[in-house]
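Student: Starting from the known structure of chain G, fit chain X onto it as the hints suggest.
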Amino acid sequence: MASEIVRRPRPKGGGAVPFQRLLWRFAWLRPLLLLAPPLAWFLLVYIASLVLLLITAFWSIDPFTTQIIQVWNTNNFRVIFTEPTYRTIIGRTVLMAALVTITDAVLAFPFAYFMARVATRRVQTILFALVLLPLWASYLARVYSWILILNHNGLLNWSLRSIGLPPADIGYTNTAMWVVFSYIWLPFMIIPVYAALERVPESLLEAAADLGARRWRAMRDIVLPLALPGVAAGSIFTFSLTLGDYITPILVGGAGSSFIGNVVYANVGIANNIPFAAALATVPVAIMAVYLLIAQRLGAFEAL
Amino acid sequence: MSSGVGGLTGWVRLGCLTAAALLAVTACGSNAPPTGSTQAPPPTAKMATPTSIGPGEGQLNLIAWEGYVDDSWVKQFTAASGCKVNAKYAGSSDEMVSLMKDGGGGQYDMVSASGDADLRLIYSGDVRPMNEKLIPDFANFQSYFKSPPYNTISGVHYGISLQWGPNTLLYNTKKFVNPPTSWNVLYDKTNTGLVTVPDNPIQIADAALYLMKTQPNLKITDPYELKQNQFDAAVKLLKDQRPLIKKYWALASDEISLFQNGDVTVGAAWPYQTIQLKAAGAPVADTIPSEGATGWGDTWMLGTKATHPNCAYLWTAYVSTPKVQATQALFFGETPVNTKACAEMETLQAGSCAQYHADAAGSYFDTIKFWKTPIAQCGDGSSSCIPYDQWVAAWTTIKG
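Heads up: the protein sequence lines correspond to chains G and X, in order.
Numbers 5 to 308, taken from the working numbering, label the letters of the first sequence in order.
Numbers 214 to 613, taken from the working numbering, label the letters of the second sequence in order.
Just chain G, same shape as in the assembly (with noise of 0.2 Å):
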């Protein structure tokens, strides 16, 4: 019976029907043929570069030559933790990620639950155009346009003194980073939010309104606490743009504003210290780690 269908004459396609049989048989080949190109590509390109990286943290360099010697040796780490400065960077670096974060939450809030609960449709795709268009534009014009704004003859010293103030001249500082950062990345605070509020059932309202609780009370405990894995889930995004970036603390920073990514960079452009580079750049991957694993408990990836 299958022999005479194989040999029946058809238009085209040939090896198709054998080939599905065999799909039908082992019923997980299907899903692992689906999976293998992009789990090959995960493997190779994204693992494989992480587990280099995490190799190449532990050789060293000859000094002159800058020729990596691959022999095992933990010195790039004792480095880090032991030399005041780094810790400092560290330190600067997490701080101000979390800061913007917190800086974004508080200006996306107010923001998204407008645009989710209050705004009518056209004033909400209005607001949703403003939200992303400074996207549109490149990351280097809007870090320079702040600069125009902060600098000492800027637009903000300018408008101070016109209206007789003194000035404020917090161009190239972290004061200007913090302003500058929590611009650039309010966006992806503001979008997770909106849709987490969105996503807030209208009768869970009217039922607290039934119940006789007030504006404020319904807020508390129904909106924000469906809001906050939306919260999170932005808070990834800001959080770990800001600890990766390096680009604003060259342009925007003054004296003492280095990143650690700036480091890294110096290590591999300046002084071609790539172990020493790829040490220190497993510090952001550990304690972003940290940060998935808390986010995840605060319900990010549902909101995602």
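Check each hint, because a few of them may be wrong.
Claimed, not checked - Just so you have them, the derived chain X footprint on chain G, three or more residues with Cβ under 8 Å:
#, region
1, 84 to 97
2, 188 to 195
3, 204 to 210
4, 267 to 275
Said to hold, decoys possible - A few chain X positions that, by computed beta-carbon distances, are all more than 12 Å from chain G:
#, residue
5, 402
6, 432
7, 504
8, 508
9, 518
10, 592
To be verified - One side of the interface only, derived from the structure: several residues of chain X facing chain G at Cβ under 8 Å:
#, residue
11, 300
12, 301
13, 308
14, 310
15, 414
16, 458
17, 459
18, 474
19, 597
20, 602
21, 605
22, 609
23, 612
Simulated from the structure, these hints should not be mistaken for lab results.
Where a beta carbon is used, it is the ideal one built from N, C-alpha and C, also for glycine.
Tutor: Quick look at chain X alone, frame taken from chain G:
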């Protein structure tokens, strides 16, 4: 010849690595002679140089600073020599060093390296000696640039000097009615938040140069050859300077906008920034203070494995001619090493020869300490000087 030398150093390095692995020594370079120590002559020191330039190979691959291989003088060279020029622009001295690894790998013929990269290239065996007699204009060079210590070792020229520039003190003439005469304005607390200096580890040498004059008891003789206590003093001076710094500038354009916007009033700069700022109408001037200054000198160096050596020699001879020297100097904002270029500069832009110090007397060069790679070997023969990788590490702690 080139493969022989490359092969030899390869084996020596391998042996060094194996020995290090066996002994479980952490850093091979710190105690093994072939790559790390500078007591031995550079690996390519004995390579023979050509006695005449043969016909061009039709192609030349260069690693250069942006603006060093411009069509305005390259076209004529290609037409005359038949050598088609391919240039790869490098962003930093360190990028140049890594591109030239393994003698350019047969891929790159020449590199326009600055003094802070030269010794690294020479002692890694990545560049080979050049015969200065094949460069007709060599005789017209400022005598300092015939054999500067950053590209000539024991009389062997590992490249031919090209252009140079001093690192100057740039200041706002409205804030400094009396022109400053000392680098001390960069360390003076009254200028807190108004200073900018380059974001470059070689800046430690500028501090050492200042200490040479202000703290003679440290006995610093060469700002690039610092012993531990001298190095520590320079690093401390720079750490104390940090509160004064508005920004460590990375690009010349950064410093230009800092001065234009009034964020800073004084800083360390190149003549290029002064010229650009003055052209834009900013109230600035520059000076070489009484302590002297550091400076940079660029050199065309020939890769150990260069596959187009004839084109390389033709190119070096061509860019050493007064006309090309003057054109490049004005294009980039730097100073030619060929003394005959002064007249050419005047025809291109009146007053430019004096403006760029292209007519400087020999004594002028005593006031300038040209960049060279800090290495462990000191001028006195001992190996107790602080090498460059520690300069880089210290620079991170200075910037904070």
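Student: In terms of beta carbon proximity below 8 Å, does the region 204 to 210 of chain G have 3 or more residues touching chain X?
Tutor: n = 0 at 8 Å, threshold three: violated.
Student: Over 12 Å to the closest beta carbon of chain G is the bar; see if residue 518 of chain X clears it.
Tutor: holds, 16 Å
Student: Just to be careful: measuring from the Cβ of residue 474 of chain X to every Cβ in chain G, is the smallest value less than 8 Å?
Tutor: Holds - the Cβ of residue 474 of chain X comes within 8 Å of chain G, reaching about 4 Å at its closest.
Student: Mind verifying the non-interface call on residue 402 of chain X? Its CB should be farther than 12 Å from each CB in chain G.
Tutor: Nearest chain G Cβ is 14 Å from residue 402 of chain X, so the label holds.
Student: A cut-off of 12 Å on Cβ-Cβ distance, and residue 432 of chain X was said to be off the interface with chain G. Does that hold?
Tutor: The claim holds: residue 432 of chain X sits with its nearest Cβ about 25 Å from chain G, beyond 12 Å.
Student: According to a criterion of three or more residues whose C-beta lies within less than 8 Å of a C-beta of chain X, is the region 267 to 275 of chain G covered?
Tutor: holds (count 6)
Student: Confirm or reject the statement that residue 592 of chain X sits farther than 12 Å, beta carbon to beta carbon, from all of chain G.
Tutor: Given that every Cβ of chain G is farther than 12 Å from that of residue 592 of chain X, nearest at about 17 Å, it holds.
Student: So is residue 508 of chain X really clear of chain G, every C-beta pair being over 12 Å apart?
Tutor: holds, 20 Å
Student: Let me know if the C-beta of residue 609 of chain X comes in closer than 8 Å to any C-beta of chain G, holds or violated.
Tutor: Since the shortest Cβ distance to chain G is 6 Å, the answer is holds.
Student: Minimum Cβ distance from residue 612 of chain X to chain G below 8 Å?
Tutor: holds, 6 Å
Student: Using Cβ atoms only, decide whether residue 602 of chain X comes closer than 8 Å to chain G, and label the hint accordingly.
Tutor: holds, 4 Å
Student: Counting residues of the region 188 to 195 of chain G with a beta carbon closer than 8 Å to any beta carbon of chain X, are there 3 or more?
Tutor: violated (count 0)
Checked against the numbered hints listed earlier, the structure breaks hints 2, 3, 11, 12 and 19; every other hint is satisfied.
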